[in-house]
Amino acid sequence: MRSVKTMTSNPSSPKSRSNLVERTPWWIKGFVLFHVFCITAWALPNRAELMSPDARPVGTDALLVENGRHVKNQDWLRTYLFVTGFWQYWDMFSPNPAQRDFYGTATVTYSDGSTQRYQYPRIYLLSIPEKYPAERYRKFYERAHLEDSGYCWAQFAARIAQKCDTKGSVRPVKVVLRRHWRDVAKPGQRQFRPYTEFEYFTYRVRKMDLEPRS
Amino acid sequence: MSAFTKFGAHLDATVFRWGSPTALGLFRIAFGSIATLNLLMILSQWTDWLTERGFFPAWMIDFYVGRQAQFAGREVPRVNVFLINLDPGPTLALLLIYLAVSILFTIGRWTKPVSILFAILTVSFQHRTSMILHGGDTVLRVYALYAALSPCGAACSLDRLVALGRGQEGLVPPRMPLWTQSLISFNVTLIYFTTVWIKWGGSMWRDGVATYYPNRLGEFERFPVPPFLIEFPMVRVTTYATLLTEFAFVSFVYYRPFRNYAIAAGLLMHSYIEYSMNIPIFAFLMMSGYLSFYDGEEFQRWARRMGDRMARWRVTVPLPSGLSESQRNVLRAVDPFGLVEYVEGDAPNAAQRRAAAVRSIGAWVLAWVPGVWASLFRVPPATVASEVPA
Numbered sequence: 010m011r012s013v014k015t016m017t018s019n020p021s022s023p024k025s026r027s028n029l030v031e032r033t034p035w036w037i038k039g040f041v042l043f044h045v046f047c048i049t050a051w052a053l054p055n056r057a058e059l060m061s062p063d064a065r066p067v068g069t070d071a072l073l074v075e076n077g078r079h080v081k082n083q084d085w086l087r088t089y090l091f092v093t094g095f096w097q098y099w100d101m102f103s104p105n106p107a108q109r110d111f112y113g114t115a116t117v118t119y120s121d122g123s124t125q126r127y128q129y130p131r132i133y134l135l136s137i138p139e140k141y142p143a144e145r146y147r148k149f150y151e152r153a154h155l156e157d158s159g160y161c162w163a164q165f166a167a168r169i170a171q172k173c174d175t176k177g178s179v180r181p182v183k184v185v186l187r188r189h190w191r192d193v194a195k196p197g198q199r200q201f202r203p204y205t206e207f208e209y210f211t212y213r214v215r216k217m218d219l220e221p222r223s
Numbered sequence: 084m085s086a087f088t089k090f091g092a093h094l095d096a097t098v099f100r101w102g103s104p105t106a107l108g109l110f111r112i113a114f115g116s117i118a119t120l121n122l123l124m125i126l127s128q129w130t131d132w133l134t135e136r137g138f139f140p141a142w143m144i145d146f147y148v149g150r151q152a153q154f155a156g157r158e159v160p161r162v163n164v165f166l167i168n169l170d171p172g173p174t175l176a177l178l179l180i181y182l183a184v185s186i187l188f189t190i191g192r193w194t195k196p197v198s199i200l201f202a203i204l205t206v207s208f209q210h211r212t213s214m215i216l217h218g219g220d221t222v223l224r225v226y227a228l229y230a231a232l233s234p235c236g237a238a239c240s241l242d243r244l245v246a247l248g249r250g251q252e253g254l255v256p257p258r259m260p261l262w263t264q265s266l267i268s269f270n271v272t273l274i275y276f277t278t279v280w281i282k283w284g285g286s287m288w289r290d291g292v293a294t295y296y297p298n299r300l301g302e303f304e305r306f307p308v309p310p311f312l313i314e315f316p317m318v319r320v321t322t323y324a325t326l327l328t329e330f331a332f333v334s335f336v337y338y339r340p341f342r343n344y345a346i347a348a349g350l351l352m353h354s355y356i357e358y359s360m361n362i363p364i365f366a367f368l369m370m371s372g373y374l375s376f377y378d379g380e381e382f383q384r385w386a387r388r389m390g391d392r393m394a395r396w397r398v399t400v401p402l403p404s405g406l407s408e409s410q411r412n413v414l415r416a417v418d419p420f421g422l423v424e425y426v427e428g429d430a431p432n433a434a435q436r437r438a439a440a441v442r443s444i445g446a447w448v449l450a451w452v453p454g455v456w457a458s459l460f461r462v463p464p465a466t467v468a469s470e471v472p473a
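Line by line, the protein sequences are chains A and B. Residue numbers for the first sequence follow this note's numbering, beginning at 10 and rising by one. Residue numbers for the second sequence follow this note's numbering, beginning at 84 and rising by one.
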């Protein structure tokens, strides 16, 4: 998508080269305006992040409510952003930063009755060079451990079984997923509370989970 | 002319200006390098995120973001070439192609088709791995799309050197439409604008305690931070400084006299976050986006000024008289700081060629390839023959 140069005088004359008019076609200008409108409308804050549902919106909040009601839910807007890949929403550490530390572990039971604790990659325990790439694991677990991500849990446990399938003929038969969390103490309070833990899923390992996929 | 019309004309002249593509070329190198490193990191974990036996098999996409977008009640598929074949072999092959494309994009070879392919692969990759994405990935995807629309290969690229070598372009890069550069800079300000708006809606930011929390989350911990920086009153300072920096960036970055201050504040903020918190690639991507706030001509002038400051490292290298103009242009183009003075003489020896390569920053990408750098100092056979007396 490149704009065009148009001649304003005789192109054969050397002097005319300096008279080249650098003009951007109207349709590119139209596209830019459309694009700026779309990404701005989509990136504007959602009402839920700024105010309680029963609060009466005033000022800029009213603008955001109208944007959410009449613009963000338009099919053409969503299609443009989601099909092209220009969708974006920026809410890093906002409206308030996270205050809960969490990580995941699993207990793997083997066919001979022995058990092994599996530590899902935890940034806090890793060396500095390992932390950087391992962020993907933290991000995944941030989403996958939630109660409404139950669809992930069986696959998550099966993958852990594969990773722990290192004892030859003694195979993993059961995986119990456990989440651990601790809220950061408020300013002025001491951080002495230990991590709370909860077994949230038990998975019976199937033979096919451990076979290489054909 | 009314004030409104004047403003519109000024906006039109700014957003849709033409000029040197050097800033876009530098942006391509910076952003492409980060994207390549990011891909290398993910390649080390690819079986976890991109295979059907991994943590995130393709069927989970339907539950997490869906494979389709809606349009007029119909489902429109999202771009995702990683769904064509889910077997590990083809998936790994596609990843390696993505890596090769990313490298070609960074060095700027066949940039137009490569940048389009890079954007398609980036969007596809993010649709495939949606559950492991963070803010940095969104920046990366958006940049990739802008790069595909832009003439980012017209400067600071192998394409440019090839065109110079073939005599298709002159020493000054051709002027290009820069509306994509305007969109990149707008998108960077949009990030700060909407983020600071949402933050202002959060009680912790208003109360000046927000930065107290992330510094105490073990899962974000990175390099050690002096304790006083994460205790009061510094927590209030860093909380309000973050809000102020983001707001000031949006407000002042387009006003030339304040632009460098806004950029410097942004660099400081991101550097601190990058040092103290484990949030990969985001800070570097934001910093690379800052390049779009400068014109290509400004970078060229800056390079000349830097070259003058580094004058003590200048060397003089002889060039044989039969060398073509296009070869000379390539040698000058890869030396933006002007640290090599080429004079007529005999063919340079290996030490002189090496001295020229070390000082020519644009040559670093090709000088280590055996024979390439030396060939630029070699008189073409046709020229030699024509000089032989009949």
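If you are wondering where the hints come from, they were derived from the structure by calculation, not from laboratory data. Careful: at least some of the hints might be erroneous.
With a straight-line Cα cutoff of 16 Å, these simulated EDC-like cross-link-like pairs (lysine to aspartate or glutamate) come out [said to hold, decoys possible]:
#1 A:148 / A:100
#2 A:176 / A:208
#3 A:148 / B:131
#4 A:183 / A:121
#5 A:195 / B:314
#6 A:172 / B:304
#7 A:172 / A:220
#8 A:172 / B:131
#9 A:81 / A:63
#10 A:38 / B:95
#11 A:216 / A:156
#12 A:148 / B:314
#13 A:183 / A:157
#14 A:195 / B:290
#15 A:176 / A:100
Now for the hints, and whether the structure bears them out:
1. For a cut-off of 16 Å, the pair hint linking residue 148 (chain A) to residue 100 (chain A) stands: about 15 Å separates their Cα positions.
2. Simply put, residue 176 (chain A) and residue 208 (chain A) have alpha-carbon atoms about 25 Å apart, too far for the 16 Å limit, and the pair is violated.
3. Annotation: proposed proximity of residue 148 (chain A) to residue 131 (chain B) holds, straight-line Cα distance about 13 Å (limit 16 Å).
4. With a CA separation close to 11 Å, the supplied pair residue 183 (chain A) and residue 121 (chain A) stays within the 16 Å bound.
5. With a C-alpha separation of about 12 Å, the suggested pair residue 195 (chain A) and residue 314 (chain B) falls inside the 16 Å cut-off, and the hint holds.
6. Note on residue 172 (chain A) and residue 304 (chain B): the hinted pairing is violated, with a Cα-Cα distance of about 26 Å set against a maximum of 16 Å.
7. Under the criterion of a C-alpha separation no larger than 16 Å, the hint pairing residue 172 (chain A) with residue 220 (chain A) is consistent with the structure, at around 12 Å.
8. Proximity of residue 172 (chain A) to residue 131 (chain B) is assessed by CA-CA distance (about 10 Å); at most 16 Å being required, the pair is judged to hold.
9. Simply put, residue 81 (chain A) and residue 63 (chain A) have alpha-carbon atoms about 20 Å apart, too far for the 16 Å limit, and the pair is violated.
10. Under the criterion of a C-alpha separation no larger than 16 Å, the hint pairing residue 38 (chain A) with residue 95 (chain B) is consistent with the structure, at around 9 Å.
11. Between residue 216 (chain A) and residue 156 (chain A) the alpha-carbon distance is near 27 Å, which puts this suggested pair outside the 16 Å criterion.
12. Between the alpha carbons of residue 148 (chain A) and residue 314 (chain B) the distance comes to roughly 27 Å, so the proposed pair goes past 16 Å and is violated.
13. A hinted pair counts as satisfied when its Cα atoms are at most 16 Å apart, and residue 183 (chain A) with residue 157 (chain A) does not qualify at roughly 23 Å.
14. Pair hint residue 195 (chain A) plus residue 290 (chain B) holds up; C-alpha atoms about 13 Å apart against a cutoff of 16 Å.
15. Distance restraint check for residue 176 (chain A) and residue 100 (chain A): the Cα-Cα separation of roughly 45 Å exceeds the 16 Å cut-off, and the hinted pair is therefore not satisfied.
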